[in-house]
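Here is how the chains run, residue by residue.
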Amino acid sequence: MTRTGRPQLSPLLLTGLVVVVLALIPLGYVVVATVTMGPHELGALLWRARVGELLGNTLKLLVGTVLVTTVLGVGTAVLVSRTDLPGRGWWHALLSAPLAVPAFVNSYGWVSLTSDVQSYLGAVLVISLSYYPLVYLPVVGALATLEAAPEEVARSLGRSRTRAFLTAALPRLLPAVLGGGLLVGLHVLAEFGALQLLNYPTFTTAIYGQYRSSFTSNAGTVLASVLVALCIVLLLIELLARGRRRLDRVGRGTGRRPEPVPLGRFRPLALLGLLGLVALTLGVPLYSLTHWLVVGSSTAFPVGDLVGALVSTLGLAAAGAAVTVVMAMPLAWLVVRRRGAASTVLERAAYIANALPGIVVALALITVSIRVVPSLYQTLPVLLLAYAVLFLPRALVSVRSSLEHAPVLLDEVSRSLGQSTWATFRRVTLPLVSPGVGAGAALVFLAISTELTATLLLSPIGTDTLATKFWSASSSVQYGAAAPYAVLLILAALPATVMLSRQARPQEVSR
Amino acid sequence: MSSVTIAGVVKAYGDRRVLDAVDLHVADGSITSVLGASGCGKTTLLRIVAGFVRADAGSVTLGERVVEDGRTAVAPDRRGVGYVPQEGALFPHLDVAGNIMFGIPRGERTTSRLGELLELAELPADLAHRQPHQLSGGQQQRVAIARALAPAPRVILLDEPFSSLDAALRISAGKAVTRVLRHAGATALIVTHDQGEALSLADQVAVMRAGRFVQVDSPAGIYERPADAETAEFVGGASMIAAEVSGGIARCVAGAIPVAAADGRVRVLIRPEQVLLGPAAGAAVVGQVTEVGFYGAQVVVTLALADGTPLTARAPSARTPRPGDEVGVVIEGSAVTFGDES
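As given, the protein sequences belong to chains S and F, one line each in that order.
Going letter by letter, the first sequence gives residues 26 to 536 in our numbering.
Going letter by letter, the second sequence gives residues 607 to 948 in our numbering.
For the record, the hints were derived by calculation from the structure and aren't laboratory data.
Computed from a prediction, not measured in an experiment: that's the story for all the values here.
Using N, Cα and C, we set each Cβ at its ideal position, and we do this for glycine too.
Heads up, a few of these hints could be off.
[Said to hold, decoys possible] Facing chain S, from chain F, some residues (calculated, C-beta under 7 angstroms):
| # | residue |
| --- | --- |
| 1 | Pro682 |
| 2 | Asp683 |
| 3 | Ala703 |
| 4 | His799 |
| 5 | Gly914 |
Take the sequences, apply the hints, and build the full model.
This is how it looks when you write it as structure tokens:
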């Protein structure tokens, strides 16, 4: 006789624990390095005019971009979802499209045309134009699930159309707006390439500068710990907002959708506004790219270099996606199949790692690898680990939802038909989860192929990706040489953008 | 196939005893239904027999083989127990043939074996390459049963097999499934909360309440001689009326009814189909109609007897009385009695 029932969970829990420990290395490094620094040195490094200036810059940019993206995101979402705007399907595609232009490519587009954007207002403008879809998409999604009844009741109680929207619909959109706005905040805190090009100093660019001048230093670590603290504050707010958003969706999809609001004499104004926005978000970078491709004096098509960068980008992205998905598997399994306090803690810990900017992850892994396993410094495994830490949550979301489509009941049926645990996994679970796991891997693949910061710091010597090649050309003002790489980067980001845009489609899209 | 013997099985979750020393024997080649309200522990018992859940104490024996004795247990894949869960739970990534042949060793998956199993489950051969979502609820159920029978298990377990089907389909699906099980000579244990299903499909009915079997008997035995008042009401419509027994006759407001009980105060169980309605004029017992439920061919009439005691009757709808009418009442046949509670 053999012992039966559920397989023992300790090896699985152990695997999950290893994954989370790996994912928490960067956070752990920052905390430990800061704490062991000693209060005297820490104080001296922290209370400096430089830190105050960076904090001011970062917060100013954060507030500015969150405000502008919220206004742009909500305004365009309402126009596309709730009015009789002509060609709403096309507008939706155009308004989501800026996600396909990485922020550092967009900045390059602006900076290479005019140096006027290298200022606070310029940085707010360019960063907001890159990130407003992060507000637009969730608000469109929320508007699509909103029923008409509460607004109609408000109208029947004597409210005007605008007042009814403000009092009966807007409060229900608030969680989506808040979630989107905070996501913008996290992206702004992590942004490095775009801000470096815009010549706007924040924590990320300062950490990078510190790293370039003195490799790893306590000064850099202190800057990183302030940045991490900002990220965690934002993340906590975002987690709260997400909790509320779930509640908000209870009982959706049963009611009727509101009638579209006729724009009337405002129609030309609305069309003109959207056209202007699209001209700024897509027109400027695309014009700039075309300009440098066609007339740029430094434009050359070093086909060998292009192909080389493309091949190593694809290779890194594939390897990174594989590592990330393999690490996500045991965590997802724990969360779905072994619900409990331990599983929840592990999953939350993996999500916290998501809040860390690429620059912090890279810096931490460099320091830890030099101190613990010097032979690994600037090798492929460390770079792949950085990718896994950065993109684990994306993989986790997909793998988790696919496992939820493979109920335990089917495993039990398989066991009763004489199949062992392993045969059941191979014949039942694996075929059922593979589509979701594949989608997760694709998302991570696409994210890695446009990743700049961690790649810049961690890639083995001689390994150039599209992003790093683009970076070395554009940061040395060879705009023409950077252009072909920018085109390939946009093409690499396009599939994920199409996917996200389709997920949040405005209701009754007229084509 | 083999018999199933469950002896003294105990299962507790925390402080809650879900199964409290349960005994049951299912003879080789027979069908037993476990009948109980939801939460009574019947599904846990099924999962212990299948091997998905360990018992805290007690034993499960399939034929001569002990598969669970409280200390050690045979893994579910080595028990030879077919399992048909609620809604069938077909593998969504496999077609009908893939589902049915799932438990058969690779070398034995022949077209002729598939044909036999489809025929056994009364499924047309052209269904073999349909996907599960293209099948009706009843067809899915029969594929699930063919899949469970395919590796020739010792016993087959069915967990609320018809609860996901609509009312019209339930009866025909139930009949079809019993035909398949009988044809295969299967030993089967069916868990259900539907007394109609339990009584019509099984050779033996085990009524479970709060983790214990209150009665294990033939379907007719359960209906005609329920062990207690609660069971009587659970397995069918029932009116309980206080009566005084003397000399084998119970006298009550519904008249004089022959019973097999000692003299004294009792409650008599009167089934709706025992109550015959007639004209009020000249009748010994008269009731006033308070409510009429119309079910097409039949009506269910609720009466108030002389002292207000309610009595339910089932009658053909051709002569439907109306609320407020006075009707004559005759109780047909003998009745079961229970101790007086008051």
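Each hint, compared with the structure:
no.: 1; hint: Pro682; result: holds, 4 angstroms
no.: 2; hint: Asp683; result: holds, 5 angstroms
no.: 3; hint: Ala703; result: violated, 15 angstroms
no.: 4; hint: His799; result: violated, 19 angstroms
no.: 5; hint: Gly914; result: violated, 45 angstroms
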